[in-house]
Amino acid sequence: QQQVKQSPQSLIVQKGGIPIINCAYENTAFDYFPWYQQFPGKGPALLIAIRPDVSEKKEGRFTISFNKSAKQFSLHIMDSQPGDSATYFCAASTVGNTPLVFGKGTRLSVIA
Amino acid sequence: GAVVSQHPSRVICKSGTSVKIECRSLDFQATTMFWYRQFPKQSLMLMATSNEGSKATYEQGVEKDKFLINHASLTLSTLTVTSAHPEDSSFYICSAILRRGYNEQFFGPGTRLTVL
Numbered sequence: 117q118q119q120v121k122q123s124p125q126s127l128i129v130q131k132g133g134i135p136i137i138n139c140a141y142e143n144t145a146f147d148y149f150p151w152y153q154q155f156p157g158k159g160p161a162l163l164i165a166i167r168p169d170v171s172e173k174k175e176g177r178f179t180i181s182f183n184k185s186a187k188q189f190s191l192h193i194m195d196s197q198p199g200d201s202a203t204y205f206c207a208a209s210t211v212g213n214t215p216l217v218f219g220k221g222t223r224l225s226v227i228a
Numbered sequence: 002g003a004v005v006s007q008h009p010s011r012v013i014c015k016s017g018t019s020v021k022i023e024c025r026s027l028d029f030q031a032t033t034m035f036w037y038r039q040f041p042k043q044s045l046m047l048m049a050t051s052n053e054g055s056k057a058t059y060e061q062g063v064e065k066d067k068f069l070i071n072h073a074s075l076t077l078s079t080l081t082v083t084s085a086h087p088e089d090s091s092f093y094i095c096s097a098i099l100r101r102g103y104n105e106q107f108f109g110p111g112t113r114l115t116v117l
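Residue numbers (my numbering), protein chains in the order written: chain D, 117 to 228; chain V, 2 to 117.
In short, the hints are calculated from the structure, not lab data. Among the hints, a few may not be true.
Restraint-style ranges between C-beta atoms, simulated for each label pair [stated by the list, open to error]:
(1) SER16(V) x SER185(D): 48 to 54 Å
(2) LEU27(V) x ASP147(D): 24 to 30 Å
(3) ILE13(V) x ILE134(D): 39 to 45 Å
(4) PRO168(D) x LYS56(V): 43 to 49 Å
(5) LYS131(D) x PHE40(V): 28 to 34 Å
(6) ILE13(V) x GLN197(D): 34 to 40 Å
In this text, a Cβ means the ideal position worked out from N, Cα and C, and glycines have one as well.
Bound-form chain V, shown alone (with noise of 0.2 Å):
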């Protein structure tokens, strides 16, 4: 139990382009879903917090208009990277919390973006 997929798993696009990850609680449901972005032998930075049916809350810096968030189900919730540049490269990782209130959080396998 407590699967968490995303997809794509690797995903290569142009500059200018924009990208969409999803995230899946497969064998549960989740209310709460974060997304991170995690650079190479470094540690995960927190982007933003999804809550089913409400509007993502974002941490300092980054920048909502550019990271779309939206958690439209209990077991989805989406990343839009637009306008990507070559700067928006980075490893992108979901987890999601499996029982409301104890803050287990389950990690996807993440999506290794390449914008060129």
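Chain D with its partners taken away, still in its complex shape (with noise of 0.2 Å):
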């Protein structure tokens, strides 16, 4: 299985600090690239995705920076709350019904 590579693997920042969290990919032929959001004991949030056309994307407070030369992609979380604090899954995907390749995630923890 093509592989996605994230990281950290975990990351503690202050709140109103801007964590990133970086993923690679080898497939060229994904096209699509979602983050998840995920709290103990629950299934994950869809957070924000991007596809290869676009550079970058924003949604609230989340931002997508994507590099498809470098094929890496990054999320930045900005003035970061302790509510934040979870666990955060970049993915990709091929065209079609295909299931998410994911990243193994990245642990955050805003501190107040």
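Mind assembling these two chains? They're in different frames, but the hints should get you there.
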């Protein structure tokens, strides 16, 4: 299975900081790149997603930056809050109703 | 919109029994659903792809006779863990694709299975 490599594994930032989570992929056929947020004991929730025809997408405090040539994409969380403390997963998939390939996740802690 | 439910949220059973987990798309029709398994502090592991009206496609290493998947309608997929053993204890999560071809996947809240 094609991999999606996610880093860092864990991240601690102060309230108001801008955590950045990075992902790199190998399969150039991937054309859909979502980010999910998961709280303990809950299912993942879709945060934001991007397709390769744009380099950046912003929704509220969440921004995806996408670098097609480098095969990398990242999530930025502006003005982070303690309530953002969760595990974040990047993922990728190809065209159609295909399964997502997930990164290993990043545990984010935002401290007041 | 795009709500996916799972039932039950938690189940405890004895070794050797079978457990059925339901996954429903509440406000949309899903021709494709996926079943994942997640161990503590780990990522999601795809178990199988469930397509309405056809047999599920299982990932390598997943026993199809142990994890029975039925996608009987456009809003319901079920996962039955047969003859459960303690090693089957895990967090099982389903997802459903909102719009055909766009691959926006929405996840259920998960089911915590504990096999004693």
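Tested hints:
1. As the Cβ distance of SER16(V) to SER185(D) is approximately 53 Å, the hint placing it in 48 to 54 Å holds.
2. Remark: the range hint 24 to 30 Å for LEU27(V) to ASP147(D) is upheld by a beta-carbon distance near 28 Å.
3. The given range of 39 to 45 Å is respected by ILE13(V) and ILE134(D), whose C-beta atoms sit roughly 42 Å from each other.
4. At about 32 Å, the CB distance of PRO168(D) to LYS56(V) disagrees with the hint of 43 to 49 Å.
5. At roughly 31 Å, the beta-carbon separation of LYS131(D) and PHE40(V) lies within the given 28 to 34 Å, and the hint holds.
6. Distance hint check for ILE13(V) and GLN197(D): the Cβ-Cβ separation is about 35 Å, which falls inside the suggested range of 34 to 40 Å.
Of the numbered hints given earlier, the model fails hint 4 alone.
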